[in-house]
Structures are given as C-alpha cells and as structure tokens.
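There are 2 protein chains.
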Amino acid sequence: MLNFIEGGVCAAQGFRAAGVHAGVKTHAAWKKDVALIVSDADCAAAAVFTKNVVKAAPVLVDKAHLSDGKARAVIANSGNANACAPEGEANAERMCAAAAKAIGCAPEDILVSSTGVIGQRLNVEAIEACVPELYAALERSATASDAAAHAIMTTDTVKKEAAVETTVGGKTVRLGGIAKGSGMIHPNMGTMLCFLTTDCAISSEMIQTALLETAKMSFNRISVDGDTSTNDTCCVLANGLAGNAAITAKGPDYDAFLEALQALCVQLAREMASDGEGARHLITCTVRGAKSEESAETIAKSIISSTLTKAAVFGADANWGRVLCAMGYSGEAFDPDKVDVHFASAAGDIQVCAQGRGLDFDEDLAKKILTEHDIGINVSMQEGSDTCTCWGCDITYDYIKINGDYRT
Amino acid sequence: MLNFIEGGVCAAQGFRAAGVHAGVKTHAAWKKDVALIVSDADCAAAAVFTKNVVKAAPVLVDKAHLSDGKARAVIANSGNANACAPEGEANAERMCAAAAKAIGCAPEDILVSSTGVIGQRLNVEAIEACVPELYAALERSATASDAAAHAIMTTDTVKKEAAVETTVGGKTVRLGGIAKGSGMIHPNMGTMLCFLTTDCAISSEMIQTALLETAKMSFNRISVDGDTSTNDTCCVLANGLAGNAAITAKGPDYDAFLEALQALCVQLAREMASDGEGARHLITCTVRGAKSEESAETIAKSIISSTLTKAAVFGADANWGRVLCAMGYSGEAFDPDKVDVHFASAAGDIQVCAQGRGLDFDEDLAKKILTEHDIGINVSMQEGSDTCTCWGCDITYDYIKINGDYRT
Chain L
24 MLNFIEGGVC AAQGFRAAGV HAGVKTHAAW KKDVALIVSD ADCAAAAVFT
74 KNVVKAAPVL VDKAHLSDGK ARAVIANSGN ANACAPEGEA NAERMCAAAA
124 KAIGCAPEDI LVSSTGVIGQ RLNVEAIEAC VPELYAALER SATASDAAAH
174 AIMTTDTVKK EAAVETTVGG KTVRLGGIAK GSGMIHPNMG TMLCFLTTDC
224 AISSEMIQTA LLETAKMSFN RISVDGDTST NDTCCVLANG LAGNAAITAK
274 GPDYDAFLEA LQALCVQLAR EMASDGEGAR HLITCTVRGA KSEESAETIA
324 KSIISSTLTK AAVFGADANW GRVLCAMGYS GEAFDPDKVD VHFASAAGDI
374 QVCAQGRGLD FDEDLAKKIL TEHDIGINVS MQEGSDTCTC WGCDITYDYI
424 KINGDYRT
Chain U
24 MLNFIEGGVC AAQGFRAAGV HAGVKTHAAW KKDVALIVSD ADCAAAAVFT
74 KNVVKAAPVL VDKAHLSDGK ARAVIANSGN ANACAPEGEA NAERMCAAAA
124 KAIGCAPEDI LVSSTGVIGQ RLNVEAIEAC VPELYAALER SATASDAAAH
174 AIMTTDTVKK EAAVETTVGG KTVRLGGIAK GSGMIHPNMG TMLCFLTTDC
224 AISSEMIQTA LLETAKMSFN RISVDGDTST NDTCCVLANG LAGNAAITAK
274 GPDYDAFLEA LQALCVQLAR EMASDGEGAR HLITCTVRGA KSEESAETIA
324 KSIISSTLTK AAVFGADANW GRVLCAMGYS GEAFDPDKVD VHFASAAGDI
374 QVCAQGRGLD FDEDLAKKIL TEHDIGINVS MQEGSDTCTC WGCDITYDYI
424 KINGDYRT
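Those protein sequence lines, which keep their order, are chains L and U.
Using the working numbering, the first residue of the first sequence is number 24, and each one after it goes up by one.
Using the working numbering, the first residue of the second sequence is number 24, and each one after it goes up by one.
One copy or two, it doesn't matter: identical chains are merged, so the pair holds either way.
Calculated lysine-lysine pairs in the DSSO-like style (CA-CA distance at most 27 Å, straight line): (1) 390 <-> 424; (2) 361 <-> 86; (3) 74 <-> 361; (4) 424 <-> 54; (5) 239 <-> 93; (6) 390 <-> 48; (7) 391 <-> 48; (8) 86 <-> 48; (9) 93 <-> 74; (10) 124 <-> 93.
Everything labelled a hint here was simulated from the structure, so no lab data went into it.
Keep in mind the model is a prediction, meaning the values are calculated, not measured.
Working from the sequences, and respecting the hints, build out all of it.
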C-alpha cells in the first residue's frame, strides 16, 4: 500500500535538513541559498549525473566520493553552478570539508551540488562561513525540508518536494525528496538537482540499480527547453533505519521499494516540468500503440520538446499538425496514416486527428480544454502495443524574459 | 569570377515568373499566395526534400514527377501546407494539371509546393481559378521574381531572393533563386521552400549531385526552432540556355557551377535564418579546430539550436556558459578545458572564455557587440583542424506571439 505523505526529505527516519542564506550571489537576504541534508546513520548511496560532456565540478567530486557506495550528507548551493569556473573542484571539496567538520565525518562521505550561473568563481567563503549556522539549524521536520527545498531554488517559482510511505518486508518504509528544475532542463540521466532520502535498508548496488531504473522513467522523460544542464544530479541516501531485512537482490522487497521510488520521482519530475521557466501549462504526452517503449518514448519526447507545439499550447491553439510534424522528425519510422491525436484536460477530451487526417472538431471546446493548466496530448499509433508518457511545459513570453537576462 | 546580381529567379535566361492573389486562406486581397516559375525550354531538374517521416502531399507528387530528372515549371502556394490534409495528393496533382494546361506541357513536368497550416483541406479550386491570370502575368523581370518571392511568404517579414553570375566553360552562366523560411525551420535535406533556376547546361545527374553537395553546407546548417517541417523542398531547374558545353561529369566546369550554387544557397540560407520568426539577430556560429567537419557541424548546430543561447542573444547577455553547455550535450566528445569562445560583431570582438574557464571581460563592450543585428559566436576547440559555420537566430517574444496563435 503506497501513500503520499508529508515531510519531504525529512519524512524518512533519521534524516535532518536545513536551509539558510549565505549570500552566494547578491541575493536578497531572505533568499536561502545553501541546503544541508544529514543522516544520523551511514547510508548506502547512489547517484545519476548529467551526460553533458561539460560537467560541473561538484559532479566530478561526487563521482569520486561515491566510489565506495556510501555517504552521510548532502550540501548544496544555488546562485552559482560551479561549472567552467576557476578553482571549481577545489571549491567543491572545500564545501565538503566544511560540512564534514561540522558533522564529524570524513569529507568523502559528503555529496555536493551547485546550481546557478555557469562560468563564475563560486563564493565558497560565504558558504564556509554559514556552515555552523546551517548545522545548528538541522531538524527532522516538514519545516526543515521546506527550508532545504527553497534553498536550492533558482528561477523555480515553487518548491519541489514529495514523500511516500510503503511496506517492504513487513516494515513501514519511507522515501522523500526535494528537487529543483526550471530552465536548462532536458535531463539525460538525473535531473537538475534532486536529493532523495529513505530509511529503507538496501545495499549500495541495489539502490543504484533502483535509481537508474527510476531516473529513466521519470526525470529522463521531462523537458523544459531541450538544454541538458552541466549540473544534473539526482542522489539518494538510504540509512536502513526502517528495520526491514536489507534488500540485496531483486525480489518482492525490491519491487515494493522500486514502486515507491518511481512514484516519488514521477511526482517530483511532474512538479519540475510544471514549473518550467515561465510555464503556464504542464503537458503530459502519452504515446500508445507504439512498436516498443523506446519508440514511444522517442516520439513523446519529440512532441514535448517541439518549440512549436509548446507555443501552440501557450496559445491554447489545437494545432495538432505540429504534433504530427514533431513525431515525423523524431527519428522513428511509422505510418502517419495510422495516427490518432486527442487533446484532453479536466475540461474534456477531443479528437482532432484520425488516421493522420484532420477532423472537423469543435474549436470552442478545444480552446476550453487547452485553457486548463494540465494538458494531455494523447497519441495512438496502431504500430504495436507499447506506451510511454513524458512531461513538458509550454513556452511563454516569461521564458524569454527570464532567459534574456539571467546573469544580471 | 563570381558576382551577385539582380533578378532573383528570373536572372537566368529563359525563366519567367509571376505571383498573384488566389485566396487560398482568408488572406487580405493584397497578399499574393500563388507563384509560378516557368522555363521557356525543358530543364534538367533536381530536388531535395524533408526527411520528416510525415511528408506533405506535394513532396510525394514531386518525387514522382522528378523520376525522369526533367521539369518545365514550378507552381507553389502559401496559406496551406497540404500536409495531413484530406485529398492531399489529388489536390497537388490538380495544381500541376492546371499549370500544365496553361503552359502546354505534361502535368509530370510540373513541380508543386505548398506552405502554411498543416491538416486542413487545400482550397485547390481557388488556385485553379487563378491560373489563367497567373500565366498571363508571367514575365522575365526583377519585378516578376519579386512577386513570386512574395507569393510564397507565410510569416516571413522579408522576401528571400538572390542571384549570381559566373563563368562556366567560357560562357556566362546565371543562377537565381527565391526561398521562404521563418518558422518550423531546422532543415534536414532541403529547406522550407526554395526554388532555384539556372541557364547552365548540366545533366540531371550532375545537377542532383551539386544540389546535394550544396544543401548540406547551406540550408542544412541553419535552424530557427529545431522543428523540421513536413514540406521542406529545394528544387533547381537548369534549362541550358547559357550555351556552355553541358556539364556531365565532375571537373573544372562542375566546380565553377558548384561554387556559384553554394554561394547562392548560403546567401538564401542566411536570409532565412536572419528572418526566423520573431528574430532580431542573425547568429553566425563558427567552430574551428574540430577533429572533423562533421564534429564541427554537430557542435555549431547544437549551439545555434540551444533555446537558452538564443534567449541570451535576444537579451544581449554574453552568457557563454550556455554555449559550452550546448557543446557538451551535442553528442560529440571533446575536452572542455581546451575551448575558447569569442563573441563578435561590427562593434568588435571579445574573448569571454579561455581554456574552458571564464575570463574577466568588459561587460559593456560585450553588450555593445551583442546589440548589433549580426552576431558571431566563434569557438575554437584545439582538437584538430576542421571548421564549420552554421546560422541561426535569437528567440524573442514575437516568436511566442506568432506561434501561440498561428492558425487563426
């Protein structure tokens, strides 16, 4: 029995969090910009990172720190990506060292993440100076998770936070997470930043396997703007305090854990797509009847990534020709004359294309459907029996505004 | 000696053109929407088309009509793409039949193109009704080329038209063309619509070879929005009236012709990128020192296609981190620590990144450089000695406005 619960990254036993203002950028003092998440016990840990050839310094440091599959804590800042930046790796290591000193563990047990502008030196001194305050603020509470979730936000307009509870081997197991998204979101592995915690007992190998299986069907199925960031990181810490028999192989316990992890990550991924920079609509695109899941995914991703389709959703214009066009240049082979397209939302469901040809549809109803926040684009291909869902958002004046002058 | 000349699609001997208003869409009567280009003599003809799996009806018809490598004329309309439309191929054939009847040739000698909204039935009756007027308006003049160039425009704000003169085998040879671009521009073969004429004597095989060689280094190196259209078509008619010894194999004559064709198509491609929907800037991205031309092209295309880089150019923000980020997710392997980046324009040249790290640069000068219409992004990789240039444009509020409500 899987339930969504409160508490975010502090929902699982033994996890405390905090978020404070350090002044990494010239932020207003109310903007929290450094987050810390600490487990009371050692954790099996796993992470997935950006596949961008240009990798931020903290990504490189995390890979080294995760070589033993263990971690105790995560420290993260917003306001500067520490990518292509002078002294990048040295400054990422300094963040780890400062956190390790306060916690009383080895620097190699700390994971570090940064998000913000690329190419400028990180103000690591400000972060080091705030660590004592950050450590003192640690709590296991919904408020503390909220503070950490806010501290990693950049152009995000709402925090991304979720938690679930399930049963593994007869024990109650909790998983929680915080994430940030907004722009430069087209994850190819993990996503911008996502920190997950669980009290499930699970080996490093199996948590890595579960995270890979989950990332590919959640974060890797969203896109805001087609730009794969240099900093994408999704990590999970599992401290075992739930008391279940440790998961060390595939089986019913692993399946229960995986189901919960996937539900959690799909929720966070949807929140990220929904709060894409400037977005007014969440687009959920489901492709059915594809010849394989991979084919369905390629096509669904091509649709949610199409600038023209995104602009049509912004304009509440049922311009389904752009959906077919995006399918056609996806790289997948298919018969256009077997494609049906529906638009759907809380306001209704309307078929706009049958067998690859336009239908005379009710434009007023279509407009009403597309005016809702959550829009479905449902494609049926009659090529096979596989399905995939991807999530994206519309492109708006505000996206241009935000990104026309992001650095200043 | 290669010179740009006046006359567009009528620059070459024996080509006449016209453009009139037929009322394909509910256009204002001043909007010309049907164009005709006719050669006085039979032509060797070649074309390249979209690689989109979803192909417009005229693309399918043209492929059949070009099976003999010959053509006499092109008829084209704006206002409706005749893609995913009821009676698509039948209506494309009706356009050919109407033109053939007026000209007095076989319908198979006519090429047909359409551009505009996808998925709606083409008002072919309006086109048939206007053919007598269209035929009567045919002229060999700059004015006639201008009328045809305007007739194929959709959201284009300026016509795209160019012509060149060169010497082939001791004879003066002219090549001219008109094109339309604007949105849904990310050509993968030809481009939206481009009609080229030449009086060069050249075989069907060699003109096809020259067109392929040219398309891949001109139209296939531009992007407005990453959306590859269903209608991309670039065709060339060669009527041989220049009197040169016919080009039937590679050699100096072929090279002279190819050089002229490439100069013509690069010019039209630049005009297309420069007039991308809503664009305020032409972006010319040159990648040098790559390990191969293909690698340089992939990276340059990734940069000009990056929504975030396009938004930064719109905001005159020297956010070079987005350039590195786009290089990194291009799919090409390279060492980021060897990359230099410059921004350049008529206002100056500024290096912003050296060896993959940010430089302290003069932000005022950078802003001044990026405020010009024509912006250069110059990347040096130190991986090899190959170079490629691609062309794109910025993304603006107007792009969103135009595409949020294109159909109505």
